[in-house]
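Heads up: the protein sequence lines correspond to chains A and B, in order. Going by the working numbering, the first sequence wraps up at 232, each residue one higher than the last. Going by the working numbering, the second sequence wraps up at 195, each residue one higher than the last.
Simulated from the structure, these hints should not be mistaken for laboratory data. Nothing here was measured: the structure is a model prediction, and the numbers come from that model. We put the CB at the ideal spot given by N, CA and C, even for glycine. There could be a bad hint or two in this list.
[Claimed, not checked] Cβ pair distances, simulated, as ranges:
no., chain 1, residue 1, chain 2, residue 2, range
1, A, Pro111, B, Pro56, 21 to 31 Å
2, A, Ala150, B, Gly71, 47 to 57 Å
3, B, Pro56, A, Asp192, 45 to 55 Å
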Amino acid sequence: MTIVYPYESLKAHPRYDFEDYRSTEKRSPRKPLVLLPHTASELTGPVYGHNDVRPEDADLTRQHAGAPLGERIIVHGHVLDEDARPVANTLVEIWQANAAGRYMHVVDQHPAPLDPNFTGGGRTVTDDKGYYRFVTVKPGAYPWRNHHNAWRPAHIHFSLLGHSFLQRLVTQMYFPGDPLFPYDPIFNAVEDAAARQRTISTFDLENTVPEWALCYRFDIVLRGRQQTPMEA
Amino acid sequence: MSGITPSATVGPFFLFGLVPSSAGGVDLITNRLATPDVEGERIRIEGRVLDGDGVPLPDALIEIWQADAAGSYAHANAQEQRANTAFKGFGRAPTDNDGFYWFETIRPGAVPGPDGRAQAPHILVNVFARGMTRHATTRIYFADENANADDPILALVPPDRRDTLIARRADSNGEPVYRFDIHLQGEHETVFFEA
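Bound conformation, chain A alone (with noise of 0.2 Å):
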């Protein structure tokens, strides 16, 4: 089986030079790119096992001597391809602010407090039917100086390996029903109304934990797509 990575499925990104998103103007490359023909080293990728995480790397509530505050939740979904087939044994990395919409970064300076049994970052490898999940607290939102009274929808960054270096992908995932996507330039730079609506979680009752945690549900979409006897 060949997997292909068609060039046309990349239109689903932003493009760099978003300008409603003002950090881009000095850092979106404005020369023409260059079409790379997909060869050994874009169609291999690094590998990652289960023996190079450990479980509580997906828990995020229980990396510390007591449980974080704010809303416990469980974000949980499968990494597939194009044709929708698993992409297994792959490393899944987040981080994100705690449920105040505080970072746990030095140039964060929203005046939030930070938690100190949260860290916000978690990582896990995909099992064989490409099923990921994480034990989290919900994100609160957060202030930028974008633009004028510019806060981002509560979010989680997601860093994806896949299986070559063709799907490499970071991301962030959205709660839904969230009323700051109408404002947030960078939930829009993605300008599909389809593509960015993948980038919202969907609430998952059925998978939701009585007496102890909402969860969300998030599926991954990966380049790549098995090769049709027509390409062949």
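Following the hints, complete the assembly by docking chain B onto the known chain A.
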């Protein structure tokens, strides 16, 4: 469901997530790729990441992917056939306050290219940063490599921009060092690929 999940910027606060040692955790992916058992010439790659005004980025993240000295990638399907099993060929380095990054690795071998032609030794690079809606992909080639002249990918790059993909030898303390600055924008903008 159809269509891929779109990219979003890595933002300014990725360190504790992608480089956990910055917050007391353990890194899985580091900027020291060279393992004790790996064969090949040990080299250091270093440089700065600069914006369109030439201002260094203190908050960029560089990832690299490369073959071993024999030209093999530590890919899932290739694990059994490789001599250097501990060498993963994948590295990650955040820039410091001066926009500076570095990797300790080995010089990669030539790898197969399109139409059976060999590619000159090279390293794939992804650049992530606040203000970048998606990562940018480029390649590092080595200035002292004769095979560059016949490389099928370099041949696709406008001749007057090929220099931006060539790391210069800049040895320090007798150690082999290659210098590779990345210009996101401007007159010296690095060649980035649509991959």
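A quick look at each hint next to the structure:
{"no.": "1", "hint": "A/Pro111 to B/Pro56: 21 to 31 Å", "in the structure": "holds, 28 Å"}
{"no.": "2", "hint": "A/Ala150 to B/Gly71: 47 to 57 Å", "in the structure": "holds, 48 Å"}
{"no.": "3", "hint": "B/Pro56 to A/Asp192: 45 to 55 Å", "in the structure": "violated, 34 Å"}
Violated hint for the displayed structure: number 3, the only one.
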